[in-house]
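These protein sequence lines map, in sequence, to chains Z and C.
For the first sequence, our numbering gives the first residue as 1, with consecutive numbering after it.
For the second sequence, our numbering gives the first residue as 1, with consecutive numbering after it.
Just so you know, the hints here were simulated from the structure itself, not pulled from any lab data.
One or more of the hints may lead you astray.
[As the list claims (entries may be wrong)] Okay, derived cross-link-like pairs now, DSSO-like style, lysine-lysine, Cα gap no bigger than 27 Å in a straight line:
no., chain 1, residue 1, chain 2, residue 2
1, Z, K19, C, K15
2, C, K42, Z, K19
3, Z, K52, C, K99
4, Z, K41, Z, K19
5, Z, K19, Z, K40
6, C, K68, C, K42
7, C, K71, Z, K40
8, Z, K40, C, K15
9, C, K68, C, K15
10, C, K57, C, K68
11, Z, K41, C, K68
12, Z, K41, Z, K18
13, Z, K40, C, K42
14, C, K5, C, K68
15, Z, K18, C, K42
16, Z, K19, Z, K36
17, Z, K52, C, K5
18, C, K68, Z, K18
19, C, K71, C, K5
20, Z, K41, C, K5
21, C, K58, C, K99
22, C, K5, Z, K22
23, C, K99, Z, K40
24, C, K5, Z, K36
25, C, K58, C, K68
26, Z, K22, C, K68
27, C, K99, Z, K36
28, Z, K40, C, K5
29, Z, K41, C, K71
30, Z, K36, C, K15
[To be verified] Residues from chain C that face chain Z, not an exhaustive set, calculated with beta carbons under 8 Å:
no., residue
31, A24
32, Y32
33, G41
34, A49
35, S104
36, R111
Remember, predicted model here, so these are calculated numbers, not experimental data.
A virtual CB, placed ideally from N, CA and C, is assigned to each residue, including glycine.
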Amino acid sequence: ETGVTQTPRHLVMGMTNKKSLKCEQHLGHNAMYWYKQSAKKPLELMFVYNFKEQTENNSVPSRFSPECPNSSHLFLHLHTLQPEDSALYLCASSQGTSGAPDTQYFGPGTRLTVL
Amino acid sequence: QQQVKQSPQSLIVQKGGISIINCAYENTAFDYFPWYQQFPGKGPALLIAIRPDVSEKKEGRFTISFNKSAKQFSLHIMDSQPGDSATYFCAASMGSSYKLIFGSGTRLLVRP
Numbered sequence: 001e002t003g004v005t006q007t008p009r010h011l012v013m014g015m016t017n018k019k020s021l022k023c024e025q026h027l028g029h030n031a032m033y034w035y036k037q038s039a040k041k042p043l044e045l046m047f048v049y050n051f052k053e054q055t056e057n058n059s060v061p062s063r064f065s066p067e068c069p070n071s072s073h074l075f076l077h078l079h080t081l082q083p084e085d086s087a088l089y090l091c092a093s094s095q096g097t098s099g100a101p102d103t104q105y106f107g108p109g110t111r112l113t114v115l
Numbered sequence: 001q002q003q004v005k006q007s008p009q010s011l012i013v014q015k016g017g018i019s020i021i022n023c024a025y026e027n028t029a030f031d032y033f034p035w036y037q038q039f040p041g042k043g044p045a046l047l048i049a050i051r052p053d054v055s056e057k058k059e060g061r062f063t064i065s066f067n068k069s070a071k072q073f074s075l076h077i078m079d080s081q082p083g084d085s086a087t088y089f090c091a092a093s094m095g096s097s098y099k100l101i102f103g104s105g106t107r108l109l110v111r112p
């Protein structure tokens, strides 16, 4: 596998369920990101991890809980979500080089539907 | 101040025509302006990027024009092809920040 992979690709869950999204990057990068993509809205940055440390939390509700066990893997744990959380959740990775533009490479996303 | 405003929301162009997508920003600290292309079922992918020290960058049929005084930049797709049909996002970032601020996207349809 190359690039950035995400599983599952599609997820339907009830508001009381607990589920997790998984992201894996095979690019040797040090930074990983979670984005939320809703229809007709800009991509919203949720979390940033650099060298496994969380460096950004963009005021995301606590029902979203990220986990980065190593530089290659990133999880997004979901619990008691709301229907308005239905969206495409994108994972990205980048080199994590400070002081220079950092190209982000995106996975295909997980399409989440909250019933 | 952190917003990047993108227009139009959607665009239909005939094959062989020129597609033009515009973006505007307020924060003069932004110093890196990439464009991402997203096909259905895929994540966005970097298409082309520019720094504010140049007014234009061209890669094949894709050109970014940058107007620093107007705080605007645009993507021009020459000789547009049906395979260019996708959603295009402009973005901006500053300094060493990892944070990209994205525009709202433009859905381009190139008719055969």
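(request) Please work out if K41 of chain Z and K71 of chain C have their alpha carbons no farther apart than 27 Å. (result) holds (21 Å)
(request) Below or equal to 27 Å on CA atoms is what counts here, so check K52 of chain Z against K5 of chain C. (result) The given pair, whose Cα atoms are some 32 Å apart, is violated under the 27 Å limit.
(request) Compare the distance between the alpha carbons of K22 of chain Z and K68 of chain C with 27 Å, and conclude whether the hinted pair is satisfied. (result) Not satisfied, since the Cα-Cα distance of roughly 40 Å exceeds 27 Å.
(message) Checking one constraint from the list: CA of K18 of chain Z to CA of K42 of chain C, max 27 Å. Satisfied?
(response) holds (25 Å)
(message) Is the interface hint satisfied for A49 of chain C? The criterion is a beta-carbon contact with chain Z at less than 8 Å.
(response) Check passed: Cβ of A49 of chain C comes within 7 Å of chain Z, closer than 8 Å.
(request) Verify the proposed pairing of K71 of chain C with K5 of chain C, using a straight-line Cα cut of 27 Å. (result) holds (11 Å)
(message) Check whether the Cα positions of K19 of chain Z and K40 of chain Z lie no farther apart than 27 Å.
(response) holds (26 Å)
(message) Can you verify the interface hint for R111 of chain C: is its Cβ closer than 8 Å to any Cβ in chain Z?
(response) violated (22 Å)
(message) Just to be careful, I want the Cα atoms of K40 of chain Z and K15 of chain C compared with a cutoff of 27 Å; is the pair within it?
(response) holds (25 Å)
(request) Take a quick look at whether K68 of chain C and K15 of chain C sit within 27 Å of each other, Cα to Cα. (result) violated (31 Å)
(message) Interface hint check: A24 of chain C, Cβ to nearest Cβ on chain Z, cutoff 8 Å. Holds or violated?
(response) Violated, about 13 Å.
(message) Can you confirm whether the C-alpha distance between K19 of chain Z and K36 of chain Z stays at or below 27 Å?
(response) Status holds; Cα separation ~16 Å.
Violated hints for the displayed structure, listed by number in ascending order: 1, 6, 9, 17, 18, 22, 26, 30, 31 and 36.
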